[in-house]
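One letter stands for each residue in the lines below.
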Amino acid sequence: MKPKKSVVIIMNILAIMIVFLILSPLLMLVLNSFRQTTDIYENPLGFPEKPSLSNYSEIVRSTTFGRNFLNSILVTTVTVSLCIIVTTLAGYAMSRFNFKGKNLLILWLLASQAFPGILMIVGMFSLLNRYSLQNNPLGLIILYTTFTIPFCSWLLKGYFDGIPEALEEAAMIDGCTRFKAMRVIIVPMAVPGIVAVGTFAFLLSWNEFFFALVIMRDNANYTLPVFLSRFLGTGGAVEWGPLSAGALLTALPPILIFLFAQKFLIGGLTKGALK
Amino acid sequence: MRKLLILLLIAAFGTALFGITLDFFCLAWQPAAVDAIFDLVDEWNLNNPDVQVNIIWGTWETSDQYLLTSFQGRDAPDVFHTDAEKFHEFGVMGYAAPLNDYVSDELLEDIPASIIDDCYDMFGNLYGIPWCQEVQVIFYNKDIFEENGIVLPDDRMITWDELVEVAVKTTKRSSQGVTTTWGFLAPLMERFHWTLIAQNDGHVLVMDDNGKWRVDINEGAREAIEFYLSLIVEHKVMPRDVISIDYTSLMQGFINGNYAMVTFGCWNRRFLIQSGAVNWGMLLVKNDGNKINASDPQAFGISSMSKHKDEAFRFIEFMTNAKNSAEISYNDFLFPVRKSALQDPRFSSSVHEWDTAKSWLQYADNVKPAMPGFYSFEWRVFVPNLEKVILGSTDLDRAIKTIIDEGNRTLRRLGLQ
Amino acid sequence: MIIIRTKGSTASALPYILPILLFIAFVSVYPFVNGILKSFYTDMVFGAGRYFSGLENFREMFSDSLFWVGLRNNVIWAATCVGLELVLGMLIALLLNLPYIKLRSVHRALILLPWATTPVVAALIWRYIFGVMGPLNTLLRAVGFSNPPGWLITPGYSLFACIVANVWIGLPFVIVILLAGLQSLPLDIYEAASIDGAGVLRRFFYLTLPLMKSLILILVTLTSIWTFNMFDIVFSMTNGGPGNSSLLLSLYAYQNAFAYFQQGYGSAIGIVCLFILLLPVTFYIREVRSET
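Residue numbers (our numbering), protein chains in the order written: chain A, 1 to 275; chain B, 1 to 417; chain C, 1 to 292.
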């Protein structure tokens with residue numbers, strides 16, 4: 001039963017229109033980043049008349065944007081690395097072993113995804129004080145592991161479940177240690193899942209706002225989302241030009257990494273989280 | 001030549017090694033004031049290579065949160081800037097350092113007592129040095145006033161009744177009943193209602209001799225609150241937009257002629273001048289003889305955890321001397337607090353109505369209750385209940401009763417009662 | 001040689017799970033327990049520290065009108081966001097699932113971009129769009145609405161604006177997962193059904209939905225949990241205003257803990273949120289465990 005040609009065309013156009021509609025706010029952001037604030041106020045829905053990079057140079061040169069960009073990179077890459085190492089080991093263990101307390105661990109990992117941020121930050125506050133981890137990227141990294149590790153370990157467990165145990169058992173029969181078998185055989189096979197987990201952790205960490213808002217206090221120590229929200233403020237007319245440039249630069253790394261890894265991400269998510 | 005170079009290197013190295021850095025938390029945001037502060041800090045850094053100052057820019061909306069989490073996190077800036085009356089609170093909580101040993105008599109004499117009193121605690125400890133103040137005024141749209149034939153008295157002060165009259169005259173509705181111009185807009189975030197309360201000898205929070213506070217709304221305060229709310233509910237000359245905190249939208253509304261009058265601090269002149277799109281003037285409200293208006297002084301203080309309090313105070317002295325405090329204030333469209341600084345001729349010029357605003361300085365005073373934790377009371381108890389009346393979900397009597405009950409309960413929990 | 005497949009003992013698992021156990025202990029269990037403990041204390045203003053107040057924070061919450069406002073807003077927020085995301089997500093996923101749609105993988109990649117966007121950035125963009133003189137109102141005025149509302153400064157509309165922004169961020173995830181689910185459905189059942197005369201709607205409600213039940217349930221619970229706790233959007237778009245009409249519990253807890261100096265009370269609000277989330281969390285865990 002083949003549909004009419006006109007239906008095919010209409011549906012395809014509809015799909016394209018929907019995608020365009022969904023993307024339009026981002027397109028607006030891109031366009032605004034090349035316009036002057038006064039133009040934006042006068043003509044909210046317009047194209048850049050004289051596209052210029054002045055917003056970009058202003059935000060990079062006259063603010064702490066550059067420093068905050070580096071902060072975001074530092075915190076995110078360390079969090080992601082830690083996360084990958086810990087969750088790969090843990091996911092493998094949960095998939096292959098039956099250890100005491102395994103069910104409890106899994107239960108905690110799943111349930112802790114629902115813990116509200118306020119509870120965790122109030123709980124950690126005095127600890128962070130005592131070890132001078134406030135206003136410190138290290139404190140933020142520690143906080144970020146609270147929400148990246150649970151979800152990612154569960155994801156990887158599901159992924160490892162999909163890799164037959166027979167593979168490493170064959171290697172172990174040949175005299176390999178389990179660890180070596182895991183490292184040499186299983187992990188390379190799990191690369192798509194690990195990439196998915198890494199991307200996910202990157203996304204969550206780079207975009208995180210609440211913890212950074214509470215514990216980072218110096219404008220030199222901010223991460224990018226906090227920088228943007230402070231730049232916004234309500235105590236004055238919003239400078240949409242430079243703000244759009246900064247916002248675009250902030251949103252770009254996760255979007256780029258995500259576009260790169262999206263095949264892995266979707267596969268990893270559907271196989272890991274939901275199976 | 002080589003010897004000189006080596007000496008310079010040693011000096012630089014030594015400074016880097018032994019020099020100290022002060023963190024200076026600053027809330028200025030209007031561009032000219034920010035530039036002025038940058039210039040002054042650069043000047044200080046140049047002249048004081050062993051005491052370098054690093055500016056941390058904050059925003060007014062988040063300053064309380066920032067400061068409090070900084071103090072609790074034991075990571076506070078050495079010098080910090082906020083409303084003068086908050087220093088009383090921070091001092092009592094042990095976060096601000098007492099400055100009695102540092103201040104000179106000359107400084108104390110140069111600052112009016114009514115302003116610096118806010119920075120003392122009950123035992124005579126001084127916690128902050130005020131440096132600038134404002135006058136809260138009512139900006140009006142000259143064109144709209146002219147269209148409606150409104151003529152202001154010479155001193156540009158009108159009574160409460162006259163305010164209603166003017167607002168009614170300038171409020172315009174379209175044929176479908178949509179209001180195109182509102183006569184008056186006093187946003188809740190500008191706290192004009194506290195000015196009205198003060199002008200009517202009202203009080204909302206009362207401290208007894210033991211230093212305990214309670215919520216006690218007297219007749220004068222109730223009348224003032226009723227007057228404020230009547231503008232929205234009864235006379236319908238003020239929109240519900242007063243509950244908004246979006247400065248940009250409100251000011252755009254004023255420029256577009258949606259509001260004939262708005263209350264803001266005199267610092268708001270900068271925005272109006274910069275936009276250049278509206279013909280504006282300033283006027284004040286009085287309650288017959290009582291002309292008190294909000295002054296909202298700002299001050300600098302030193303955190304009690306700072307390891308360089310001596311140097312920090314030298315920096316504060318530098319920033320608050322007559323010349324510099326005048327410079328920063330002028331660029332922020334505010335007034336310096338020091339009487340000697342006010343002598344600067346710029347504050348008496350007729351440009352941008354400086355002289356008018358200055359003539360009103362004498363009536364400016366702090367209209368907010370000087371209670372620690374006032375911020376919590378105001379935004380958790382007081383304002384939400386006023387908003388309910390404005391939005392029509394309750395009446396004034398019930399709202400006042402709730403404010404008293406919830407307020408006292410809050411004070412008790414905070415240990416203030 | 002018979003190979004006995006044992007699942008390994010606890011001891012051999014230890015080196016693998018030690019890192020995660022350490023993390024869980026210090027960074028998950030400790031703050032959780034400590035946060036709960038802190039909710040039994042009240043902070044005083046005079047720097048006199050805190051005192052043990054037992055369940056007073058929770059009693060206070062009961063009579064705190066702002067808490068109820070936040071709770072009401074939170075429920076409306078979560079229900080509307082998840083509902084909109086599900087319905088719109090399913091519609092778009094069905095569209096993209098049509099066999100004759102070209103460039104499906106391109107569409108899928110592009111659609112996911114809002115999900116990868118930083119929520120603060122999204123809040124910024126939508127704050128711009130919903131501005132009084134912003135693009136949306138400009139558009140509305142151009143098509144004849146002479147007095148479009150001030151979206152962010154009018155109670156009622158402000159929460160709606162935040163919902164739109166949050167749906168924009170959350171929709172892509174739902175679309176992609178639903179699409180993946182749809183694509184994995186066996187085609188032969190559908191052929192059999194249409195031969196038997198079942199129309200499009202019947203096929204959807206009696207075949208598609210039941211087959212996807214587990215997936216949808218997991219999706220609903222997961223997005224409910226994420227949405228309920230969302231903080232970034234309301235903080236950056238409206239800060240709970242105007243008049244607390246867009247106040248969410250996450251924001252109210254933050255204000256109490258860090259603006260009104262009451263960490264115990266803020267934490268108590270968090271505990272109440274957790275209680276509420278126990279329902280979707282239980283479903284989530286049950287559903288996910290039953291799949292493995």
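Everything labelled a hint here was simulated from the structure, so no lab data went into it. Since we're looking at a predicted model, the values are computed, not measured. Certain hints may be false.
Unchecked claim - In silico DSS-like cross-links for lysine-lysine, where the CA-CA straight-line distance does not exceed 27 Å:
hint, chain 1, residue 1, chain 2, residue 2
1, C, Lys102, A, Lys4
2, B, Lys307, B, Lys339
3, C, Lys102, A, Lys5
4, B, Lys142, B, Lys286
What the hints assert, rightly or not - Examples of chain C residues toward chain B, derived with CB under 7 Å:
hint, residue
5, Gly83
6, Val143
7, Gln183
C-beta: ideal position from N, C-alpha, C; glycine also.
Verification of the supplied hints:
1. A hinted pair counts as satisfied when its Cα atoms are at most 27 Å apart, and Lys102 of chain C with Lys4 of chain A qualifies at roughly 16 Å.
2. The suggested pairing of Lys307 of chain B with Lys339 of chain B is violated, with an alpha-carbon distance near 32 Å, which exceeds 27 Å.
3. Distance hint between Lys102 of chain C and Lys5 of chain A is fulfilled; the C-alpha atoms sit about 14 Å from each other, no more than 27 Å.
4. Between Lys142 of chain B and Lys286 of chain B, the direct Cα distance comes to roughly 20 Å. Compliance with the 27 Å bound is thereby established for this hinted pair.
5. Checking Gly83 of chain C against chain B: minimum C-beta separation of about 26 Å lies over 7 Å; hint violated.
6. Checking Val143 of chain C against chain B by beta carbon gives a least distance of about 18 Å; that is not within 7 Å, so the hint is violated.
7. The criterion of a C-beta within 7 Å of any C-beta in chain B is not met by Gln183 of chain C, whose closest approach is roughly 45 Å, and the hint is violated.
When the structure is compared with the earlier hints, violations turn up for hints 2, 5, 6, 7 and for no others.
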